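Number of protein chains: 2
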Amino acid sequence: MSMHQGRERLVVVGGDAAGMSAASQARRLKGPEELEIVAFERGHFTSFSACGIPYWVGGAVPERDDLIARTPEEHRARDIDLRLRTEVTELDVAGRRVRARDVESGAESWMSYDKLVIATGARPVRPELPGADAPGVHGVQTLDDGQALIDTLSRAKGRRAVVVGAGYIGVEMAEALIDRGFEVTVVNRGEQPMSTLDPDMGRLVHRAMEGLGITMVNGTEVTKILTGADGRVRAVATQHAEYPADVVVLGIGVRPETALARAAGLPLGAHGGLLTDLAMRVRGHQNIWAGGDCVEVLNLVSGQEQYVPLGTHANKHGQVIGTNAGGGYATFPGVVGTAVSKVCDLEIARTGLREKDARRVGLEFEAVTIESTSRAGYYPGASPMTVKMLAERRTGRLLGVQIVGREGAAKRVDIAAVALTARLTVEQMTALDLGYAPPFSPVWDPVLVAARKAARKVRGS
Amino acid sequence: MSMHQGRERLVVVGGDAAGMSAASQARRLKGPEELEIVAFERGHFTSFSACGIPYWVGGAVPERDDLIARTPEEHRARDIDLRLRTEVTELDVAGRRVRARDVESGAESWMSYDKLVIATGARPVRPELPGADAPGVHGVQTLDDGQALIDTLSRAKGRRAVVVGAGYIGVEMAEALIDRGFEVTVVNRGEQPMSTLDPDMGRLVHRAMEGLGITMVNGTEVTKILTGADGRVRAVATQHAEYPADVVVLGIGVRPETALARAAGLPLGAHGGLLTDLAMRVRGHQNIWAGGDCVEVLNLVSGQEQYVPLGTHANKHGQVIGTNAGGGYATFPGVVGTAVSKVCDLEIARTGLREKDARRVGLEFEAVTIESTSRAGYYPGASPMTVKMLAERRTGRLLGVQIVGREGAAKRVDIAAVALTARLTVEQMTALDLGYAPPFSPVWDPVLVAARKAARKVRGS
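Those protein sequences? They're chains A and B, same order as listed. Once you know that position 183 of the first sequence is 183 in my numbering, the rest is easy, because the numbers rise by one and skip nothing. One rule links them: number in my numbering = place in the second sequence (from 1) + 1000.
Okay, chain A solo, but in the shape it has when bound (with noise of 0.2 Å):
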């Protein structure tokens, strides 16, 4: 492939998830004398995992470090040529090279490359609002967001949070703060909280958020942050109503950082994100992988690319870029929307398609919902469960599960994860041979529960 005799380049453009762990698998095909490799980071830090972070702020994770998978040292030790704090500003394609800038000196170069990884990640959607930069109000994607809140949490004069979103960051930050003594305020666009659950379902996310002491206000946009004369943060304000806050944490979602790519001409999908084929190979370009937040991926329920940024999808495609740079083969063949999330002790799950998603793309379902609990009745510990369950009009084929509940209803999803992944009919789930013990669930599971009231539904029976 490459014009070079010897040893070939491998420039990967960003050091979290992805870019590193296809950085680190590439190492391991492929040695020093074969392979180059050489890592730009605009940040700090290396391989951190950002899902933790509203655990380190709300102090189950005592420290910063801790959430460090991977030191910068240690990827220096084997021999990978990480530069921190370098920022590639410019990809030149048709010349194989890149243009990095040291972020302390503003000294720039150019670097060429036989192979590239863009591995940018993910930026957070920043309101255009006033006062969304006052001091008080957080992001909370890098480790240095999260200790910037730290700092402020913990200086705070006042004990009033407020929190702009209740998608996953959102939710997860309000346990956070309620953990920091907070009272805390959610605002939300939506009709519910968690928009990736259906709004049936979403309704007991909110119910259950209020039952925790969370202030929950739903179907509302920021209009403005306020600041007072030491012009920090003191309220937000929505259309309808001003809610004090010490503190404000926006948790509105992020989007792929692309403006690398778009520049550079190479392929962008609906969502913005960089699209591949199923080696995560830039659409067109032999030589240029691309993985974790800062694409897009093939949703094999919908058949349709999604944008899910998520760091279990940022290391599988990591793992499967570093396979094919470093000589190997490995794919990966796209995802069917699992998420899993926690507030307190309710328990939020989600995988396949929502109502909405289902119609989008043109496929007619029947939707169930059923109560269960999470071991048999009788077991000391058994808690409430509900599962909505989408099966396609007359195939029968799953299309989705939603979980809430206590313990055991996260990672249940699984089971429809697979099953969604192998295509079974929700008559096919019926007959799954799940683990029973009157300790971990029902003898028959709330799963199977569900495919069997979805199954009922598809037959007309």
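Each hint should be verified, as a subset may be incorrect.
[What the hints assert, rightly or not] Distance condition first, Cα-Cα at most 25 Å in a straight line; then the derived BS3-like pairs of lysine-lysine:
(1) B/1224 / B/1157
(2) B/1453 / A/30
(3) A/30 / B/1457
(4) B/1356 / B/1457
(5) A/356 / A/342
(6) A/356 / A/457
(7) A/457 / B/1030
(8) B/1453 / B/1356
(9) A/453 / B/1030
(10) A/356 / A/453
(11) A/224 / A/157
(12) B/1356 / B/1342
These are computed hints drawn from the structure, not numbers from a lab. Only a predicted model underlies this, so the values are computations on that prediction, with no experimental measurement involved.
Dock chain B against the given chain A, drawing on the hints supplied.
Okay, now just chain B, sitting in the frame of chain A:
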């Protein structure tokens, strides 16, 4: 089908999970004007959870009646003519009738049927040992057994208990006896406890049980149960030693109760269970169904019949039988061999084939074992989890998974249960979109870590 005009009669032999589920489901489909349903049960109870008995004995479940899913009165209120304490003593298949005996009075009479359901369950293996019937020696299959054991435990003069057998019943009873404040010794014929696991995984259970203060004696046959001057048990003898015992619990397992079926010439398999077709009809008999602990089931991984007495299968069988006997259509495609259990906070799970099962059916395989954690390593409460995975040579098809760990180990096996059903390869499994968030899983779920290692071994790289 029937020669009768008008209403047909369905006779059910055995009033536990399979039999009464079948009766209930048939009743749901056909009202009493179309279908008469008569159910014979030789015991005092119907539809109870035998799996729950250890937790009742241990005290976690307070009342016997908590284990009864549906009372005789509830069945009768749904027009099921339930006859307790009535034992069926003969099946006359040619004459389409059964002979029933009132256990109290000894009175016998014949009852004809149009459709018959055999759900005679299992009988516990009682060792042919001197002293096995002595007071203080208990089985734990029925509610009466459980009550008798609880009475013995309450009155016991000492606190030494010996459990014979270290399968599911044995380990669960060991926990129950610890919970009741007994010193527990488990005497086990096998090399390790839990012979449904490979010995290397059984060893982990052995160690954990010892860590709980249980004395484990493996590889040893009980030769005699010794009694004192009062005729009550005083010790359990093996070839090498005597273990003092104030109470002995036999947990050696069960065999299909098929004496009636055998006498009637119905087809039995190699394990002594009835053989059925996929609609749970006894092979060669259009109007006789059988289900629950008296039948053999097809193992979808090995392709051979297996004996798996488990409440969850019994309930599914009953559902399928009742649907078919009620004029509908349903099948039970088979099992993959999933089972979960726990001893205190140690969770044990298995599905598919062990190494010796695979060898027995001619499958060559690669086996891998990995260590991971239940949650992200940095998240509080993360506990170790060991996953063993077997994959077929060449095809890479998943053959089996065994998991031993703490929280979250047991139900994780469901991922593999669905994958086995769908005949996924371990390579396919590496891309499974499983739920990830730090409180629930490392970024690579332990099952994915095992699948990656197995896939590497299958492809030899």
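Quick rundown of the hints versus the structure:
Straight-line distance between C-alpha atoms of residue 1224 of chain B and residue 1157 of chain B comes to about 21 Å, which keeps the hinted pair within the 25 Å bound. Using a Cα cut-off of 25 Å, the hinted pair residue 1453 of chain B and residue 30 of chain A holds, with the two alpha carbons roughly 19 Å apart. With a C-alpha separation of about 19 Å, the suggested pair residue 30 of chain A and residue 1457 of chain B falls inside the 25 Å cut-off, and the hint holds. With a C-alpha separation of about 19 Å, the suggested pair residue 1356 of chain B and residue 1457 of chain B falls inside the 25 Å cut-off, and the hint holds.
Restraint check: the Cα-Cα separation between residue 356 of chain A and residue 342 of chain A comes to about 23 Å, which is no more than 25 Å; the hinted pair holds. About 19 Å separates the Cα atoms of residue 356 of chain A and residue 457 of chain A, which keeps this hinted pair within 25 Å; it holds. A distance of roughly 19 Å separates the Cα atoms of residue 457 of chain A and residue 1030 of chain B; the hinted pair therefore holds under the 25 Å criterion. The straight-line distance between the Cα atoms of residue 1453 of chain B and residue 1356 of chain B is roughly 21 Å, inside the 25 Å bound, and the hint therefore holds.
Restraint check for residue 453 of chain A and residue 1030 of chain B: satisfied, since their Cα atoms lie roughly 19 Å apart, inside the 25 Å limit. Between the alpha carbons of residue 356 of chain A and residue 453 of chain A the distance comes to roughly 21 Å, so the proposed pair stays at or under 25 Å and holds. Between residue 224 of chain A and residue 157 of chain A the alpha-carbon distance is near 21 Å, which keeps this suggested pair within the 25 Å criterion. For the hint pairing residue 1356 of chain B with residue 1342 of chain B, the CA-to-CA distance comes to about 23 Å; that is within 25 Å, so the pair holds.
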